[in-house]
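Number of protein chains: 4
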Amino acid sequence: MGVQKLQVGMAGLGRVGKLHAINFLQKTPRAELVAAFTPDQNEIAWGRVNLEPHGVTLYTDYDEMLKHPGLQAVAIGTATSVHAEEAIKAIEKDLHVLCEKPLSVDVEVCRSVLEAAKKKPHLKVMCGFSRRFDESYRDAFAKTEQGLIGRPSIIRSQTADKFDPSGFYVEYAAWSGGVFVDMSVHDIDLTLWFFGDDSIPKSISAHGITAVQPELKKHKDYDNAVGIVEFQNGKIAYYYCTRMMAHGQEDTTEIIGTEGKLTVNGNPQKNFVNYYHSGGITREVPPNFIGRFGPAFTNEANEFTAACLDNTPLPMKLSNAVKAVEIGSYLQEALRSGKQIHFDEIGRRIEESKL
Amino acid sequence: MGVQKLQVGMAGLGRVGKLHAINFLQKTPRAELVAAFTPDQNEIAWGRVNLEPHGVTLYTDYDEMLKHPGLQAVAIGTATSVHAEEAIKAIEKDLHVLCEKPLSVDVEVCRSVLEAAKKKPHLKVMCGFSRRFDESYRDAFAKTEQGLIGRPSIIRSQTADKFDPSGFYVEYAAWSGGVFVDMSVHDIDLTLWFFGDDSIPKSISAHGITAVQPELKKHKDYDNAVGIVEFQNGKIAYYYCTRMMAHGQEDTTEIIGTEGKLTVNGNPQKNFVNYYHSGGITREVPPNFIGRFGPAFTNEANEFTAACLDNTPLPMKLSNAVKAVEIGSYLQEALRSGKQIHFDEIGRRIEESKL
Amino acid sequence: MGVQKLQVGMAGLGRVGKLHAINFLQKTPRAELVAAFTPDQNEIAWGRVNLEPHGVTLYTDYDEMLKHPGLQAVAIGTATSVHAEEAIKAIEKDLHVLCEKPLSVDVEVCRSVLEAAKKKPHLKVMCGFSRRFDESYRDAFAKTEQGLIGRPSIIRSQTADKFDPSGFYVEYAAWSGGVFVDMSVHDIDLTLWFFGDDSIPKSISAHGITAVQPELKKHKDYDNAVGIVEFQNGKIAYYYCTRMMAHGQEDTTEIIGTEGKLTVNGNPQKNFVNYYHSGGITREVPPNFIGRFGPAFTNEANEFTAACLDNTPLPMKLSNAVKAVEIGSYLQEALRSGKQIHFDEIGRRIEESKL
Amino acid sequence: MGVQKLQVGMAGLGRVGKLHAINFLQKTPRAELVAAFTPDQNEIAWGRVNLEPHGVTLYTDYDEMLKHPGLQAVAIGTATSVHAEEAIKAIEKDLHVLCEKPLSVDVEVCRSVLEAAKKKPHLKVMCGFSRRFDESYRDAFAKTEQGLIGRPSIIRSQTADKFDPSGFYVEYAAWSGGVFVDMSVHDIDLTLWFFGDDSIPKSISAHGITAVQPELKKHKDYDNAVGIVEFQNGKIAYYYCTRMMAHGQEDTTEIIGTEGKLTVNGNPQKNFVNYYHSGGITREVPPNFIGRFGPAFTNEANEFTAACLDNTPLPMKLSNAVKAVEIGSYLQEALRSGKQIHFDEIGRRIEESKL
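Quick note, the sequences are listed as chains A, B, C and D, same order. Under the numbering used here, think of the first position of the first sequence as 1, with each following residue one higher. Under the numbering used here, think of the first position of the second sequence as 1, with each following residue one higher. Under the numbering used here, think of the first position of the third sequence as 1, with each following residue one higher. Under the numbering used here, think of the first position of the fourth sequence as 1, with each following residue one higher.
Be careful, since some hints might not be right.
[What the hints assert, rightly or not] Distance ranges between label pairs, derived from CB positions: (1) B:V82 with D:S337: 15 to 23 angstroms; (2) D:T60 with A:K67: 44 to 52 angstroms; (3) A:D198 with D:P313: 52 to 60 angstroms; (4) D:D197 with B:H219: 28 to 36 angstroms; (5) D:N50 with A:G294: 21 to 29 angstroms.
The set of hints was computed from the structure by calculation and includes no laboratory data. Built from N, CA and C at the ideal position, the CB exists for glycine as well.
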């Protein structure tokens, strides 16, 4: 087989890292997973069974992996706190980068990745927002572009996780950046897609509660939050994020236009089965984001690979990934301060005293 | 109030009789329920509480009720076995008649009602098939008439009751005429509506089982049956009837045309509520035909009343009610005999030896 | 017929007034519509055809109608601006009152009705919020009471009207009190029902746009608005109101609890018909609130009547109707000012300078 | 990469052949597509672009392909008329076989493949019924096995294709075996799965029409047909097959048990998007079986590969594939003859004269 395949190294083999690794190993015909890094011994053990027999070299040192012979690209699925550093190192080694969202919970750190990438315009650097690769969101976007709903004016979007009773998310809140940065960043990214990259916030409000995990308060975080972003172009997005769903993952989006409306996942369902019983009619729901967006991650791996090999544009801009974190951070601030935040027409924050 | 109101007497105060009585008493502004007959003492007791205080005279003798001063119309909701006799008596007394389906399980007896009605063309005599008065079926019919689905060619229709563990339906089978006459007669009536009154059967097949009530076999009846009626005009209707549903009433119809399809009640639901829980998403289903067709019975009472008072045409022909029983009886025969039944172009049965 | 019927007079015969009049005339067996008032000649003409023949006396002077012999109750469906005055006059005449929402767009005026009613505790005075009488909302409430969703914590509720291109709503905005008072007052009332009457706001935010009717700005109103109310008891309600829907009325509510979720009207539909065609599968949606809530208005008339005749408690408190307008007014203020509003633990507003 | 991969040759590169080829080439990590055969020059041209660059050798002679060095398995997706011959040749060459359904439209020919396979028990010979590999059907089967619906008693299943105006299916009918053999064979296979392999027919009826393609009559075929199969074990399956759908592929199955019901694809949909517009709410439907069952074909390729490499049992028996054609042929005969067909308790046909 004389066809060139992109030589990929995977950083991180946690839940989402495993997903990426398997995608590059088995479901991305034009790529070859050649290396994987993780500092975690349990994850190394998983790699011994699932990756090594297929010719993947395992590393416990990220810098070592970057030296893997012939390596062309790195996929980063480690903890958020090291995303930026790893991305910058890879860029400096002249490697393409596919980084899990967010680049960082700190806007300045996000910008440093953007700066590093700008210096190497021949590299493909993408922060993967999986919903951009989902068939349904793409269909909704195509219909919007065709003008089916007139001018998109209101977006309602939510990221709603099934409740995890393990307490994991309480500790996670210490460094997650807060629910709007960690969860709603997807919904904000969708907003920039449907409303336009050039959308500038005008004002931001947010409110939150701790309904099932009061311990979150120690990290100034919430398990349910609602936020509103009003844009300068006369559009509004409003978001709900929660980790309390009993039934499963329910990430839903409505795009409301002047002449129609599109919903994505208004009726969550795991598959095409309905069960009729004495209590009524029941359908199941995917338990997590992989159940809902699994195929989107596969698309992402394939499209990133194609862009690297063919030197074609990436399907999404890195700068949007920074902007999404920025808006998420403002929402988080509004959530904590109990005050609305205002911006001028070019997006500069207006001090409260000037209002 | 100088407005004339139709003076109505109700025969029978069982489940469907009570429904009609309350409709004429409270939900049919142009009618006045003045009398009610039942031979059953429990039903009389119900009438004492619910009808007498509103000025309704109770009778335990049908002939006596027919003599009620000023009576103009009778609604018949007694046992099927006396429908025809009571209808004919009322017609002979020059009273309008709204009779529950079927007129009789015996085609000849049905025809005798038709004959009696033909002699008094000024009277309104209707056999009430509730689905004809249902908003959804009417919408589907209007869309069909508008040509939205091209030429209707295939109908799938089912009458599916929630399982009744009381054993009632075993005894009932002794005189119900069998499941196709008792249940599918609704689906057959719909077929005549959507395919045209002039539809003539070409061949009929049917199969049945007793899945939950084997005692039905002693009455040569079944708790689940499937039948097919092919018509001379190149159309086919197929029916499923069951008394075994765990979840509730599920009467569903598909009308498949050369250019589209309409479904009625493809997604049964009791109301607009969905309950999301750890097992998925559940909606409830109406437990019986009243939950599904209650408002249709009210429409029926009002439209029958209007036709009587204004001397306008009834919304459905009595002859169709006879034809529906006739086709139901052929299905029942095919079910029992295990043989297909054939008809010539004008609907005369072809003897097997002539095939 | 010796049964006592409540003697009802109707004030106003506009769209909702006609609906109430027909309900009391034809669908409320224990009530009798005896009088109707309207200053509008077109509405009088409608009354001549539809009410007078049934014995209803028409009045063009409200005070004259109140003197109608034997009158026991008044239903008020006139313009909002006169609701309160008419309600108080009726109370003073010792008449029961069913008043359309809102009592007034002015909180103080609302309170004056409450005061008048308190002086006559034997009278039934109700401000009709139709959703409280809807079978689906009641089912959702019953399920919530049964504990099916744990502790209700988040409510999302929207009032979404089909776009009316006539320009009517632009003029209407001059005196409607704004979209949150006029439309979301239903959603706020539902919130008080599901979260408890004693729920006290903690903070309020709101944002709005004029997407299709920029002329609304002259009345400082919006055609799309989103608002959040955070309550002292650790619960949040968020609302969307719009007059821009292409497809019809879409009033949807989600009640999210710690152990489950209930949706009401998550899948809007006019009836049980689905149309399958070359573009997909389509179902229709009710064009307006009457298509969605018609039966609820009938329930309302019947339950109000029963409470008056039997001296039983009304199904909803008048004080809630005042509270709903109060919260709506705060939302409207937040919408216009661009500032979050805060309250202390007993609901007193906290001045901005004190934050 | 030291992992052994199954060396696969593809026979036929038509619509379904291309699908299999791409699956084995790109989506079956443990298999390697090494060869492909087609006598059709257009298909060879497609192979030159899509397969050859990936190292796949193209053949225009089936026997030559069987000699491809190292070949271990053949996937057959040619015209039905040569399926059996090609399967037998491959078996004789000691190659595993995955054959598209049906093995043949002639029951005797099907049996000859079964005989050939029996002689080589070390080979994996499977006739691929894609629905057995569909996640939703598998979920329904698992729920049935768990006893959720009690004893499965009635199956309704349909294969419904979008109308193809090209006239292709008229010519195809000359050798397709008829609609029940060509289309319903999937539904019959599902029946054997859910009712049990040992289900023996008791009686069979069928009726058909030509609603949109009257030319089908010259091949004694139909564009819409309904059939019923009653089994000796007191169960009934009924089938609808059509090539007339306006909206797309709609393959639906209901499994009705004594205590509940399962539906698969009761609500067809292409993705998670709903479009709200002035005519209502619309969702799209997959245009063909690939849109509905694409991932099932991928599962099929992977599971066949695993069985070959690991010498584990195939997920379905070859004998069922024969039995499904047999029942389909009886349905087709009943359709043409207008007579019910009967069987004794061990499945031997009962002559009409003996009934």
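Tested hints:
1. Distance hint check: the CB atoms of B:V82 and D:S337 are about 43 angstroms apart, inconsistent with the given range 15 to 23 angstroms.
2. The hint said 44 to 52 angstroms for the Cβ distance between D:T60 and A:K67, and at roughly 48 angstroms that hint holds.
3. Against the hinted window of 52 to 60 angstroms, the Cβ-Cβ separation of A:D198 and D:P313 comes to about 59 angstroms, which satisfies the hint.
4. Range check, D:D197 to B:H219: about 34 angstroms between beta-carbon atoms, so the 28 to 36 angstroms window is met.
5. In this structure the hint that D:N50 and A:G294 lie 21 to 29 angstroms apart at CB holds, the actual value being about 26 angstroms.
Of the hints listed earlier, the one the structure fails to meet is number 1.
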